[in-house]
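Let the sequences and hints guide you as you build the complete structure.
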Amino acid sequence: MKHFLSVNDVEDIDALVNKALQFKMNPLVSQQIGAGKRIGLVFLNPSMRTRLSTQIAAENLGMKAIVLNVNQDGWMLEFEEGAIMEGSSVEHIKDAAPILGTYFDILGVRTFPGLKDKEADYSEFYLQQFIKYAGIPILSLESATLHPLQSLADIVTIEELFREKRKPKVVLTWAPHVKALPQCVANSFAQWINAWGKADFVISHPAGYELDEQFTKGANIEYNQDTALKDADFIYVKNWSAYQEYGKILSEDKNWMLTRSKLATTKQAKVMHCLPVRRNVELSDEVLDSACSIVTQQAGNRVWAAQTVLAELLKAK
Amino acid sequence: MKHFLSVNDVEDIDALVNKALQFKMNPLVSQQIGAGKRIGLVFLNPSMRTRLSTQIAAENLGMKAIVLNVNQDGWMLEFEEGAIMEGSSVEHIKDAAPILGTYFDILGVRTFPGLKDKEADYSEFYLQQFIKYAGIPILSLESATLHPLQSLADIVTIEELFREKRKPKVVLTWAPHVKALPQCVANSFAQWINAWGKADFVISHPAGYELDEQFTKGANIEYNQDTALKDADFIYVKNWSAYQEYGKILSEDKNWMLTRSKLATTKQAKVMHCLPVRRNVELSDEVLDSACSIVTQQAGNRVWAAQTVLAELLKAK
Amino acid sequence: MKHFLSVNDVEDIDALVNKALQFKMNPLVSQQIGAGKRIGLVFLNPSMRTRLSTQIAAENLGMKAIVLNVNQDGWMLEFEEGAIMEGSSVEHIKDAAPILGTYFDILGVRTFPGLKDKEADYSEFYLQQFIKYAGIPILSLESATLHPLQSLADIVTIEELFREKRKPKVVLTWAPHVKALPQCVANSFAQWINAWGKADFVISHPAGYELDEQFTKGANIEYNQDTALKDADFIYVKNWSAYQEYGKILSEDKNWMLTRSKLATTKQAKVMHCLPVRRNVELSDEVLDSACSIVTQQAGNRVWAAQTVLAELLKAK
Chain L
1 MKHFLSVNDV EDIDALVNKA LQFKMNPLVS QQIGAGKRIG LVFLNPSMRT RLSTQIAAEN
61 LGMKAIVLNV NQDGWMLEFE EGAIMEGSSV EHIKDAAPIL GTYFDILGVR TFPGLKDKEA
121 DYSEFYLQQF IKYAGIPILS LESATLHPLQ SLADIVTIEE LFREKRKPKV VLTWAPHVKA
181 LPQCVANSFA QWINAWGKAD FVISHPAGYE LDEQFTKGAN IEYNQDTALK DADFIYVKNW
241 SAYQEYGKIL SEDKNWMLTR SKLATTKQAK VMHCLPVRRN VELSDEVLDS ACSIVTQQAG
301 NRVWAAQTVL AELLKAK
Chain G
1 MKHFLSVNDV EDIDALVNKA LQFKMNPLVS QQIGAGKRIG LVFLNPSMRT RLSTQIAAEN
61 LGMKAIVLNV NQDGWMLEFE EGAIMEGSSV EHIKDAAPIL GTYFDILGVR TFPGLKDKEA
121 DYSEFYLQQF IKYAGIPILS LESATLHPLQ SLADIVTIEE LFREKRKPKV VLTWAPHVKA
181 LPQCVANSFA QWINAWGKAD FVISHPAGYE LDEQFTKGAN IEYNQDTALK DADFIYVKNW
241 SAYQEYGKIL SEDKNWMLTR SKLATTKQAK VMHCLPVRRN VELSDEVLDS ACSIVTQQAG
301 NRVWAAQTVL AELLKAK
Chain A
1 MKHFLSVNDV EDIDALVNKA LQFKMNPLVS QQIGAGKRIG LVFLNPSMRT RLSTQIAAEN
61 LGMKAIVLNV NQDGWMLEFE EGAIMEGSSV EHIKDAAPIL GTYFDILGVR TFPGLKDKEA
121 DYSEFYLQQF IKYAGIPILS LESATLHPLQ SLADIVTIEE LFREKRKPKV VLTWAPHVKA
181 LPQCVANSFA QWINAWGKAD FVISHPAGYE LDEQFTKGAN IEYNQDTALK DADFIYVKNW
241 SAYQEYGKIL SEDKNWMLTR SKLATTKQAK VMHCLPVRRN VELSDEVLDS ACSIVTQQAG
301 NRVWAAQTVL AELLKAK
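Chain order of the listed sequences is L, G and A.
If you're matching positions, the first sequence starts at 1 in full-length UniProt numbering and goes up one per residue.
If you're matching positions, the second sequence starts at 1 in full-length UniProt numbering and goes up one per residue.
If you're matching positions, the third sequence starts at 1 in full-length UniProt numbering and goes up one per residue.
Because the hints were derived from the structure by calculation, they are not lab data.
Quick caveat, the model's predicted, so the values are computed rather than measured.
Warning: the hint list may mix true and false statements.
[Unchecked claim] Label-pair ranges, simulated between beta-carbon atoms: (1) L:Lys167 to G:Met76: 36 to 46 angstroms; (2) A:Lys254 to L:Gln128: 23 to 33 angstroms; (3) L:Lys165 to G:Ala15: 56 to 66 angstroms; (4) A:Ile84 to G:Asp14: 47 to 57 angstroms; (5) L:Thr259 to G:Met76: 20 to 30 angstroms.
Even glycine gets a Cβ: it sits at the ideal position worked out from N, Cα and C.
Next up, the structure:
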């Protein structure tokens, strides 16, 4: 694995999932493979779970991790080719990235979409600049359109909990939110579940919230949430802003919030969310505080997902 | 020791003090007991000494420490039960704390009082939420009403310096300040000195600055600072805002600032302060720059206090 | 070496340079000499390269490093002697530095000049306060007037690349910028090149930009950039504000920007810059993106310079 930017960098999802579950059983089993290696964690946007889980994962492999918060401390990066840097940006990515490539063995990068220019966001402009100029393996810590470490942790969690022989029914359902959010978590989950191929996958959202087909192709789209949830084994709740009318909030319909009563027709479905979650907006307290919520386990599995991917990146070096 | 929130979590103060002095002699003597363990240091309010001393203490025990500054980086926590999270808070403590409990073995937490709602502050609402939801040992890094790591370091410092057979006279004296400060350091010092029982303890302050009796009961209150300081062996200088008229500044009387001339009637008293100190407001330069000041030694002992408590928490796990 | 504040703290520059190149070959060769030691990195001003390279250098020697950003998190330091601290400063350097001296074995400090009061800046007031009160070796991470870790890395880079028997011609040339910058990098480079004595050294800048002679004495000053660049082997591009008319921007002449055509008369000169660089203001894209730019290598050598100096400071303790 040269970089880890999406499921397309993965040869064998099941092998990754199994490896992650092994790390969960024995976190320090590979403490030597990262000895003397160093990862830089560059955040163009803030993070809690991703920062902690990746840092812990790196340490479990014997690596050192150093966090860098860009755009704080006066360190504003310029990304525009040919820019005459007379403004507030103090350093160009063309100069910063190669040096990070000198200081580190792997570079984790988090970028966010602006949600204004679809083409720029979906070209992964910022992430691509890091790939182009750093010269070392890049680990996506969430990019403009995808969040592959989250998706791997999601599949690890489903694999861990579902013990029946049949395929689980997995429903990704849109939920209301107070802000316009990226599509990354939803895009990435769809892309991974499709590539994994071991679930009956349904996506449910109000009309207008269709995701980019390059990620969802193969999934059933069901506009009626009740219909979608029927017989569900896992429900992934997540808000995203519109992809077609890019970055727009098209619905504030509170009926899309997942509540206890909606679980009645499911197969005692487990409820997932990548967190942070807006309680009583996306998901009701009664669901989150019940035994059907597996959000903590899901977030806990972020460590093992990151550790597995880091181990792959180290192996390839 | 399950948690470390106050002196009430301590079985044997003398044993802790002795252990701390042993760690001071040999910081790395127990470098194995924290191997593979991890502490999260969550600051809802900024910190210098507490952050550094706890981080160093953890590393001396072989632990890894990771610092998290809440309410920075857009990570605003919600604490209200049943909140409909449509505002600026992005994550509820009910979701954040269990995950921190998954990522860490021990969680250090610093909270501050709002100084507006006495009941809320004195219920230790924020700290209690972490205890309730994290599911791992909580180490208070200063809470709304107490600062037990500071108090342990204070007693270590007194024990280290006082070599006579009689009980030392220890005076906690109020000092002016430009801001309304919490009562925690004073509350906690009173609580620990009372529980320790090895000092003649006097508290001196202007009328109206009486502390909560649950912490001070057993101490002499003396409103005349000159009378209080007579024959003192140790003088702990500290500002706090009023407890009765909660959070109010009732006096700006500069005569309460500790100056050199006030030390004349003492037994060459050593002067303590938890730092940071407002020079020439709380304490005069001439005192702080003289040999009677032990504030640096006191702050240095924060490491050994933290190391001792962490060792206890690790033992109990 | 007791402190590392300038080239004056160095007995043998060549020995340092050779040591740095050895560390570059084998970064972990001295991993034991810092075991159990701890460095605090105090930034009164932000930093990327210096923070990372020093942190990595310390870890390569087995040390622990902890970063402290002063003036953030409400930790405002007071430096004025005798101050009545009724304002926004919460802690005096006289109290903070001794405690840092207790917590750490070495203290790295970055300060910046205000560029308003030449005498205060050139007395290195802030740095001197740390030296006076911390009581442990101080490592300059760039001060008001000098940047010795940068200069050592600069000389390491020249030594590494220049393989001829004759002396290289090294030209330090002023470049335009949008802000008034300190003179430190230029001062320090001049001071080191002069002390090193192994280069023909020319400084070129518009009239009025003469640097302090205590650093430049011995170098040729050439006001015509074209003349200065002729036959150059290394060109160090850097902006600084005026020293005489202190802190002023006297020229915005874009002709001083280093472009490709200006390299024609050089001996295939290598182009240096300490970074961050304002592209197409100080240096053109065509130069920075060409093979003659060695800025990444130069920044990479910051690690080995820092590691060498830390090893010296540890040896002296």
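* Can you let me know if the beta-carbon spacing of Lys167 of chain L and Met76 of chain G is within 36 to 46 angstroms? => This hint holds: roughly 40 angstroms between Cβ atoms.
* Asked: Regarding Lys254 of chain A and Gln128 of chain L, is the given constraint of 23 to 33 angstroms on their beta-carbon distance met?
  -> Holds - the Cβ-Cβ distance for Lys254 of chain A and Gln128 of chain L, about 31 angstroms, lies within 23 to 33 angstroms.
* **Distance restraint hint 47 to 57 angstroms, applied to the beta-carbon atoms of Ile84 of chain A and Asp14 of chain G** => 41 angstroms, violated
* Range agreement (Cβ of Ala15 of chain G with Cβ of Lys165 of chain L, hint 56 to 66 angstroms) -> Roughly 57 angstroms apart at Cβ, these two residues keep to the hinted range, so it holds.
* To do: Can you let me know if the beta-carbon spacing of Thr259 of chain L and Met76 of chain G is within 20 to 30 angstroms?
  => Cβ of Thr259 of chain L to Cβ of Met76 of chain G: about 25 angstroms, so the range 20 to 30 angstroms holds.
Consistency with the previously given hints fails for number 4 only.
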